[in-house]
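K.L.:
Below, each chain spelled out in residue letters.
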Amino acid sequence: MNNLAAKLSPEQYENNFAEIHPPFSHNSAVAEANRCLYCYDSPCTKACPTHIDIPAFIKKIASGNLLGSAKTILESNWSALTCAKACPVQVLCEGACVYNDKEEPAIQIGRLQRFAIDNYFKSGMPKLFSPKEKNGKSVGVIGSGPAGLACAAELSLLGYKVTIYEANKIPGGLNTWGIAPYKTRQADSLKEVELVKSFGVEIKTEILVGKTISFEKLSKTHDAVFIGIGLGESTNLKIPGEELNGVVNAIDFIEEVKKEKWDSVKVGKRVAVIGAGNTSIDAATESKRLGADEVMILYRRSREEMSAYDFEFELAKNDGVIFHFLTAPKRIIGNSSVEGIECTKMKLGEPDEKGKRKPIEIPGSEFVMPVDMVIKAIGQSAKTKFLNSITGLQVENGRVVVNPDNYQTGNEKVFAGGDCINGGKEVVNAAYDGKMAAHGIDGYLNKTAL
Amino acid sequence: MIDLSIDCGGIKSPNPFWLASAPPSNSAYQNCKAFEQGWGGTVWKTIGEPVMNVCNRYGSIDYNGQKIAGLNNIELISDRPIEINMKEIAETKKLWPDRAVVVSLMVESKKESWHDIVKRTIDTGADGIELNYGCPHGMSERGMGSAVGQVPEYCKMITEWVTEISTIPVLVKLTPNVSNIVMPARAAKAAKASGISLINTINSIMGIDLNTLKIKPSVAGKSSHGGFAGPAVKPIALHMVSQVALDKEVKLPISGIGGISNWQDALEFILLGASSVQVCTAVMHYGFRIVKDMIEGLTFWMEEKGFHSLDEVRGKALPQIDDFGNFNLLHKTVARIDQAKCIHCNLCYIACEDGAHQCIDLIPENGHTKTIVRESDCVGCDLCSIVCPVEGCISMVRLDDGKEQKTWNELTNDFKNEGKELTWENLGEFQKKYGIVIH
Ligand SMILES: Cc1cc2nc3c(=O)[nH]c(=O)nc-3n(C[C@H](O)[C@H](O)[C@H](O)COP(=O)(O)OP(=O)(O)OC[C@H]3O[C@@H](n4cnc5c(N)ncnc54)[C@H](O)[C@@H]3O)c2cc1C
Ligand SMILES: Cc1cc2nc3c(=O)[nH]c(=O)nc-3n(C[C@H](O)[C@H](O)[C@H](O)COP(=O)(O)O)c2cc1C
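Protein chains in written order, with the working numbering: chain E, 1 to 450; chain S, 1 to 439.
In case anyone wonders, no lab produced these hints; they're calculated from the structure.
Where hints are given, some of them may not hold.
Chain S is nowhere near these chain E residues, computed Cβ spacing over 10 Å in every case [stated by the list, open to error]:
(1) Asn27
(2) Asn65
(3) Ser198
Derived, one-sided and incomplete: chain S residues facing chain E with beta-carbon distance under 7 Å [unchecked claim]:
(4) Asn262
(5) Tyr286
(6) Asp293
(7) Glu296
(8) Gly297
(9) Phe300
(10) Thr407
Calculated lysine-lysine pairs in the BS3-like style (CA-CA distance at most 30 Å, straight line) [what the hints assert, rightly or not]:
(11) S:Lys33 / E:Lys46
(12) E:Lys197 / E:Lys122
(13) S:Lys67 / E:Lys71
(14) S:Lys292 / E:Lys102
(15) E:Lys191 / S:Lys292
(16) E:Lys132 / S:Lys292
(17) E:Lys261 / E:Lys71
(18) E:Lys71 / S:Lys33
(19) S:Lys67 / E:Lys46
(20) S:Lys341 / E:Lys122
(21) E:Lys197 / S:Lys305
(22) S:Lys341 / E:Lys183
(23) S:Lys292 / E:Lys122
(24) S:Lys292 / E:Lys134
(25) S:Lys216 / E:Lys102
(26) E:Lys197 / S:Lys292
(27) E:Lys191 / S:Lys305
(28) E:Lys132 / E:Lys161
(29) E:Lys127 / S:Lys305
(30) E:Lys122 / S:Lys305
(31) E:Lys261 / E:Lys7
(32) E:Lys132 / S:Lys87
(33) E:Lys46 / S:Lys292
(34) S:Lys316 / E:Lys127
For glycine and all other residues, C-beta sits at the position ideal for the given N, C-alpha and C.
Next comes chain E alone, as it looks inside the complex (with noise of 0.2 Å):
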């Protein structure tokens, strides 16, 4: 790269990624969980995609139950402590506070389980759930992101034997991988890694099925297989300048600031982010925290159609982000480093079949940027070398086809969930699919049992 921004102090790194939502004390989460209507059949557990009984575990904070409030969450949810932190609460549980129809704010909802959770953890993961008697069969799970350790932790609490098959070093997926450094670290991810251990789940780490072991291969060892992947890598830009050095991927990018040595991630002074979703944002918000002097967000549509959530926007926006919207980028100008980008302005036609406004090229509209680094995160393709190996497997869109009602797969011993179903949501989703998964796998193993 051209030129790398400052360093920062020790200090200034931690500061830039303090946790933008600090924890409550006890006082404050006890005044705000009693402040909880405790609504009945309530609109915030309609909300939540792993429907936690949220009243409940919010009344058990109000009575000092903190376990059973932990209880009540992990119930629903085995990525409760990344949930607290990392969800879009606004979009959902809080977004559906009945105070938002009162005009008052909505119950932090978000906090409060991290509360009860945090709580959990530091009282030494007190045991909670206990592991029906094993019923000698076997799942294995690929991916130990948040769709795989649901589906291990549920399928361990069910009595299945358990392993876990992960590419990575380090378990967890994007929660340990992925999700901003401001709103949960390693740590976080690494704890509900460690509760899914402890019901008897064995990960086996570093292990690549379709490379280090083949998945037929997997396949014939156990009784059920589930395939919790997610996506791949970000998507090429398809311009001339690609492959000059600065020329970064989004999630490349993202693992190595989760790695929390800020000082040894390369980062230009002025960076130019690609594409307009929650990805683009965490890049051009940690590279602005590590130090980047000028970064911009180039998107080919309006703000209308941008991706990301508002107040992930408006987060980046204060950051120092500047939007460029209607801009597309035509070619990365550089010898053999990042010198600059090339744009044209673009204007919306018709809306397309899906409603979305087509981006039209204004000719003769070209301008050049200069910049040092180019992150490209205009979305993430599917790891479909992989999935069309296994038979049986439909992929359509990128994503694996499963029965919404038990998540099984074109191969009926195959189930998947998370990313690689849905193309790419929430860790909420993924929890969810994971859990709803196991029960599939379940029922499947029952009735073959039968």
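Got chain E; can you put chain S with the ligands on it based on the hints?
P.N.:
Positioned in the frame of chain E, the structure of chain S with the ligands alone reads:
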């Protein structure tokens, strides 16, 4: 394993949580639903004489944005005929053999009427009877409810009519609207009751709407005192339960009632001697589901404290209750303010200055004021720490080592032995000897 099962005067249930006789226990539908959610027992809504209710029936006190700090009602006993209730009780008991089904009764003060309804109740298969001597309105004017509970002789007489023919345990439910709760409890004991339930509701007027000048609740412009219940009555109920528990004559199992909303409240009643606890207002506010946290919270608490059964917990706090004359006058605590935690609201200062003993100084410092306790003047009353909004900021620190003791009874006894009168001078001398300064 934690065992939450209890036996309250021969009435057994898998946990101590019962519905109180009130709207939540009005019907088979409700009681069965409650059992499904985990309630250990129910006291069926009082059945007996023909009645008709009015609207509105309830008034409530909200406190700083929280609804129902207290609830009052002018509702009567069950407004459904005896036959229907008895049939539903029998059905409920059949479906739920392991839960306690207690039937609350109230009929006119005639021996035959009581004999009749008691026999019909036994025929349902119910586990026990509760005698409602508590309703403070509507029924008392007809010579029932608190009209009975307030006169120990009536209480004894009617209880005897019941116990002389009952083959199932009989609990007597007391009204708190008396000057000494122990008296009706002793009357129940004398009449061979199996246990005491308390408290029923407290006479109250909930308030007045300042726009319409109507008293709450208002029945087409008329109102009356109603029975007060809910969180606000808990301290009164706890006291009355402890009084009955400690009485040397009564010595009966207790079913504690009054302001119980969660497991912590329930536990306090148990620590003061209750075998079972009953809940009404909290269920009226939130529904039967609250019992789940009650069971779980109590279980986790027992696990944490190393208890296995409620027998080990029951009455554990009672021995602390003593006469004022036996308190150590030389026990000395003072308030200490943790300056690092102080948020400079100065509420402790003004409370002490205007409302207590002027022992906190307000000292200007860096643009705000610092509050400092003058320990030599602090009487250790605790008001400052009670008003302090910050957790752990003001603590009461013990200064005496507990070795020296002088109670009021001992002191006045000393005076007597030394031939001294109880005068301010003599008391002052004692205070001086121990460095106690009252200004
Ligand atoms: C940058 C970024 C930020 C995000 N921020 C948030 C956020 O703030 N809040 C939120 O709710 N969601 C967020 N998400 C989305 C969320 O992380 C995902 O939806 C979720 O992690 C998906 O879980 P998963 O289990 O399906 O897959 P992943 O978490 O991706 O886990 C898949 C696992 O499978 C392993 N694997 C893959 N292939 C193989 C193989 N062949 N053999 C063995 N192991 C394999 C991988 O190494 C990985 O550990 C973010 C996503 C990204 C990319
Ligand atoms: C609306 C209402 C109706 C009640 N009806 C009866 C009754 O029929 N019989 C009875 O013994 N107590 C009755 N009570 C009193 C309750 O059983 C209980 O003693 C009292 O409400 C205190 O408990 P709580 O604070 O949990 O509400 C009633 C209370 C309320 C609020």
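K.L.:
Does each hint hold? Answer for all of them.
P.N.:
Cross-check of the supplied hints:
Its closest Cβ contact with chain S, about 4 Å, brings Asn27 (chain E) to no more than 10 Å, contrary to its assignment away from the interface. Annotated as non-interface, Asn65 (chain E) brings its C-beta within 10 Å of a C-beta of chain S; the closest such distance is 4 Å. At the 10 Å boundary, the C-beta of Ser198 (chain E) stays outside the reach of chain S, the nearest C-beta of that chain being 18 Å off. A least Cβ separation of about 4 Å between Asn262 (chain S) and chain E falls short of the 7 Å threshold, and the interface hint therefore holds.
Contact between Tyr286 (chain S) and chain E, as hinted, is supported at the beta carbon level, the nearest pair being about 5 Å apart and thus within 7 Å. The beta carbon of Asp293 (chain S) comes within 5 Å of a beta carbon in chain E, closer than 7 Å, and the hint placing it at the interface holds. With a cut of 7 Å, the hint placing Glu296 (chain S) at the interface with chain E holds, because the nearest CB-to-CB distance is about 4 Å. The beta carbon of Gly297 (chain S) is positioned within 7 Å of a beta carbon in chain E (closest approach about 4 Å), and the interface hint is therefore held.
Hint on Phe300 (chain S) holds. Least Cβ distance to chain E is approximately 5 Å, under the 7 Å limit. With 7 Å as the threshold, the beta carbon of Thr407 (chain S) stays out of range of chain E, its nearest partner Cβ sitting at about 35 Å, so the hint is violated. Proposed proximity of Lys33 (chain S) and Lys46 (chain E) is supported: the alpha carbons are some 23 Å apart, at most 30 Å. In summary, the hint linking Lys197 (chain E) to Lys122 (chain E) is supported, as the alpha carbons are separated by about 17 Å, within the 30 Å threshold.
The straight-line distance between the Cα atoms of Lys67 (chain S) and Lys71 (chain E) is roughly 28 Å, inside the 30 Å bound, and the hint therefore holds. As the CA atoms of Lys292 (chain S) and Lys102 (chain E) are separated by approximately 29 Å, the hinted pair is consistent with the 30 Å bound. With a C-alpha separation of about 28 Å, the suggested pair Lys191 (chain E) and Lys292 (chain S) falls inside the 30 Å cut-off, and the hint holds. Between Lys132 (chain E) and Lys292 (chain S) the alpha-carbon distance is near 23 Å, which keeps this suggested pair within the 30 Å criterion.
Annotation: proposed proximity of Lys261 (chain E) to Lys71 (chain E) is violated, straight-line Cα distance about 34 Å (limit 30 Å). A threshold of 30 Å between alpha carbons decides the hint, and for Lys71 (chain E) with Lys33 (chain S) the separation of about 24 Å falls inside it, so the pair holds. Between Lys67 (chain S) and Lys46 (chain E) the alpha-carbon distance is near 24 Å, which keeps this suggested pair within the 30 Å criterion. Distance hint between Lys341 (chain S) and Lys122 (chain E) is fulfilled; the C-alpha atoms sit about 23 Å from each other, no more than 30 Å.
Note on Lys197 (chain E) and Lys305 (chain S): the hinted pairing holds, with a Cα-Cα distance of about 28 Å set against a maximum of 30 Å. For the proposed pair Lys341 (chain S) and Lys183 (chain E), the alpha carbon gap of about 27 Å is at most 30 Å, so the pair holds. A C-alpha spacing of about 24 Å is found between Lys292 (chain S) and Lys122 (chain E), which places the hinted pair at or below 30 Å, so the restraint holds. For a cut-off of 30 Å, the pair hint linking Lys292 (chain S) to Lys134 (chain E) stands: about 29 Å separates their Cα positions.
Pair hint Lys216 (chain S) plus Lys102 (chain E) holds up; C-alpha atoms about 25 Å apart against a cutoff of 30 Å. Proximity of Lys197 (chain E) to Lys292 (chain S) is assessed by CA-CA distance (about 28 Å); at most 30 Å being required, the pair is judged to hold. Distance hint between Lys191 (chain E) and Lys305 (chain S) is fulfilled; the C-alpha atoms sit about 26 Å from each other, no more than 30 Å. In summary, the hint linking Lys132 (chain E) to Lys161 (chain E) is supported, as the alpha carbons are separated by about 11 Å, within the 30 Å threshold.
With a C-alpha separation of about 16 Å, the suggested pair Lys127 (chain E) and Lys305 (chain S) falls inside the 30 Å cut-off, and the hint holds. With a C-alpha separation of about 18 Å, the suggested pair Lys122 (chain E) and Lys305 (chain S) falls inside the 30 Å cut-off, and the hint holds. As the CA atoms of Lys261 (chain E) and Lys7 (chain E) are separated by approximately 12 Å, the hinted pair is consistent with the 30 Å bound. Taking the CA atoms of Lys132 (chain E) and Lys87 (chain S), the gap is near 42 Å; set against the 30 Å cutoff, the hint is violated.
Straight-line distance between C-alpha atoms of Lys46 (chain E) and Lys292 (chain S) comes to about 20 Å, which keeps the hinted pair within the 30 Å bound. This hinted pair checks out: Lys316 (chain S) and Lys127 (chain E) have alpha carbons roughly 28 Å apart, not beyond 30 Å.
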